[in-house]
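Sequence lines, in order, name chains A and B. Using my numbering, the letters of the first sequence correspond one by one to residues 170 to 1013. Using my numbering, the letters of the second sequence correspond one by one to residues 64 to 177.
Keep in mind that the hints were calculated from the coordinates and are not lab data. One or more of the hints may lead you astray.
Claimed, not checked - DSS-like mimics (lysine-lysine), calculated; alpha carbons at most 25 Å apart, straight line:
no., chain 1, residue 1, chain 2, residue 2
1, A, Lys-259, A, Lys-235
2, B, Lys-143, A, Lys-730
3, A, Lys-984, B, Lys-134
4, B, Lys-169, A, Lys-730
5, A, Lys-759, A, Lys-749
Note that the structure is a prediction, hence the values are computed from the model and not measured.
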Amino acid sequence: MSDKIKLVVIGNGPVGHNFLEALVESGQSEHYQVTVFGEEPLPAYDRVHLTSWFKNQDVADINMVKEGFYPQNNFTLFTGEKVTNIDRFKQIVTSESGQEIAYDKIILATGSFPFVPPVPGHQRDNVFVYRTIDDLEKMTAAAKNSKVGAVIGGGLLGLEAAKALMDLGLETHVVEFAPRLMAVQVDDGGGAMLSKKIQDLGVSVHTQKNTQNIAAGESNFHKMSFADGTELNTDIIVFSAGIRPRDELARNAGLGMGARGGVVINNNCVTSDDNIYAIGEVALWNNQIFGLIAPGNAMAKAAVDHLTGTGTIEFAGADMSTKLKLMGVDVASIGDAHGNTPNSRSYTYVNDREEVYKKIVVSEDDKHLLGAVLIGDAAEYGSLLQFMLNKMELPSEPEGLILPSVDGSSSGIGVDALPDSAVLCSCMNVSKADVVDAVQAGACDMGAIKSCTKAATGCGGCTALVTQVLNNELEKQGVEVNTDLCEHFAYTRQDLYNIIRVDNIKTFEELLDKYGTGLGCDICKPTAANILASCWNEHVFNHNLQGLQDTNDYYMGNMQKDGTYSVVPRIAGGEITPNKLIVLGEVANKYNLYTKITGGQRVDLFGARSEQLPMIWRELVDAGFETGHAYGKSLRTVKSCVGSNWCRYGVQDSMGMSIRLENRYKGLRSPHKLKMAVSGCTRECAEAQSKDVGVIATESGWNMYVCGNGGMKPRHADLFASDLSDSDLIQYIDRFFMFYIRTADRLQRTSVWMDNMEGGLEYLKSVIIDDKLGLADELEQEMSAVVDTYQCEWKTTIDDPIKMKRFTHFINSDKQDDNIIFTTEREQIRPIATTELELAFEVK
Amino acid sequence: MTNQTQWANICETSEILPNIGVCALFKNQQVAIFKVIDQEGAEQLFAINNYCPFSRSNTISRGIAGNINNKIVIASPLYKQHFDLETGICIEDQNVKISTYPVRLKGSTVQLAA
């Protein structure tokens, strides 16, 4: 232990944490005895996504630290502990509580603090900054007694703060000193379009306002006075006027500083003291402070590299291009966005109807891209960035890059032209070569690319580009991705769905006759049955359909390993009367069925012979039960907590909503099973974020989550929309399910569907919420047709004597299948194991 | 011993729906019978043992009939292996074979022979 190098990391923000991850990745961490100090009470969290904390107020959403990271790597972490002194001669750091730790090397990652200009009144109550969870908690508390909020500063973070105020239900104002929003990143035209779009969302934008005084207001808590004589009354003020490096520790230790602050570093991130590195927003490189996460991470890499003596990676500045979504508005800025390069030319496209602004700045000879501004639609960001970063020659008419194409084809980049070193995903630093290697190693869809390269798992802005590289590479390798459903249909499931809809096809025979060959098989028949059910919702036994059904659908029960079936009646939301529960017990007793409570809050009855199914269901239907569709590729359950009726924490009636949802979507056939859940408050007892559609109650409505999954490959659901009314929630779910049914592959759960969706969550939102494809009405009509034609398949069946005939085991005998043998375990039946069976015969 | 095949009546052809199997009890054995309709619309009867050796259950009659390449097959409903209805040979594992039986239509009656 004593031969280890003593490394002290001061600061546990995103960059400090990234340094530790990079150290572990370098494989050298065992040579260091690492002590980490963080001033905040929590381990590193992702500040960039602070606004998403607002949705749930759950730190887990933005936590950056993998469980067990510190203990597994033997790193010592002190949270809530500020370092107060560095003694460079004794090589000791001292913390607030008086701890003294000796060091050989220090990583200084203290970050920055929000700058609050010394405006008179800035120390009043209800004036905040937007930086830490603590700040947000204070804002949230103050908002409860407030009506109006104002943000001073219309930069990137200021607009994020405005979004937070809006989410808190306040009338929101943004006050900016410069003549436009995001003055650093966008030009005048872009700023004007951005203002317009943000005002459309209900935020008032005040530019060219110099705040001179904050005093007590009359109608509101504060009154802000501006240099031009105007005033603004507000209850809450949030300063977002830029950042300043937190360099006091370094200054007191006598390290080399910049004239306006910041710890001076070289390309290896070493400060004026060879034993001290500085990274992130506290560091000054080439007279620049970098206030973004990507350059901070690049510094962390360079520092690890130098520290461990590899000596190959240096920090060489960073491209400050950004793409983000502010209050749902796409904003992107690349390189020289203002056209400051001498003799540069620019091309601009403005569309007032769609509220889109696009500008590119190119070199004098039209050959190279220097910069760009995109507002309202940033689809070209990926390819434009590649043109600039790789100095690729532009097409002869560069304006084509931002003009909308009439035929819908993209005029973007040819991915073949990209060099291998081109970074496709800057969040995760994944190059084209990384993606190509992954494809060569066998990854052949986006899901696989994501899991082995991490590309497109950060902001997701590069998904389209990565997909193009993937497809291009597959094509080059001659890998023909055969998406045919099976040998009988040279179509994908999605094609067949469209064919069946458009041609109004009602039977498999007609589909096979017009579009297929052969007799069909156990792939295409159930798929066709499933699509026909999604479209026309006829009973599974209708004579043209019954031969297509998988045995589970045919017997309306899940076949178990011994050929018996399970019986699962619907118990919507898990709510059941004592009398109905007694019926289940009585039926199970009478037919000697194995009984178990399921994860979906209902009851499984196992071990029913096919010939018993009609009798069992007759009793259940008579008692008021319906089929639970546990056997179908269809809605299973809508899990719920008891909600506001009983729970002291509940804020909405989750029970009522889950029953309403379950009854609406029961019987809906889909590419794979569907699970839902509704939680009555943010404690999330119903585990809605592991479901295809999850609903979580908020004070003012419902948050909707989509594409979660438990099971084999768990996926946390994505927040899709917030604070929805009952009717908006149902409208969005209608559209969402029907869009999934229309576009998913066979047996593709919503989680995988999402992982492979070009454009990802944002695209899905644009289709479902903004109705970008103009499909919303159609999707809703399709859903309402399914809802209106619901029937309990079991009820219809037992009312029809002809349909009942199919359940006997033998066509020519009333005997039972003698191969079904049960034994008893824990007072219930179970199928006898083959080994037990062989034993029994030997004994005989 | 006689060379004469003994045919036993099982059921009426109308009791067997196209492409949907039934199970018959025949000489103490379970036999799955299928009536497959080919592309020309002609009916063809197949009889194969109902016991699936992979799942060790009597479930073959509940599988989905179809074709793979030029073979008419039945897919076992539990683990989805395919068996050639003509020969009983498993497509995925040629070493596995289930018994097949002579089957015919006599008038409107379906008959099996051993």
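### Message
Just to be careful, I want the Cα atoms of Lys-984/A and Lys-134/B compared with a cutoff of 25 Å; is the pair within it?
### Response
33 Å, violated
#### Entry: Agreement of Lys-169/B and Lys-730/A with the hint, judged by alpha carbon distance not exceeding 25 Å
36 Å, violated
### Pairwise hint evaluation, Lys-730/A against Lys-143/B, where the allowed Cα distance is 25 Å at most
13 Å, holds
### Message
Does Lys-749/A sit within 25 Å of Lys-759/A, going by the straight-line distance between their CA atoms?
### Response
At roughly 15 Å apart (the allowed maximum being 25 Å), Lys-749/A and Lys-759/A satisfy the hint.
### Task
Take the C-alpha atoms of Lys-259/A and Lys-235/A, compute the straight-line distance between them, and say whether it is at most 25 Å.
34 Å, violated
In summary, the structure is inconsistent with hints 1, 3, 4 from the numbered list given earlier, while agreeing with the others.
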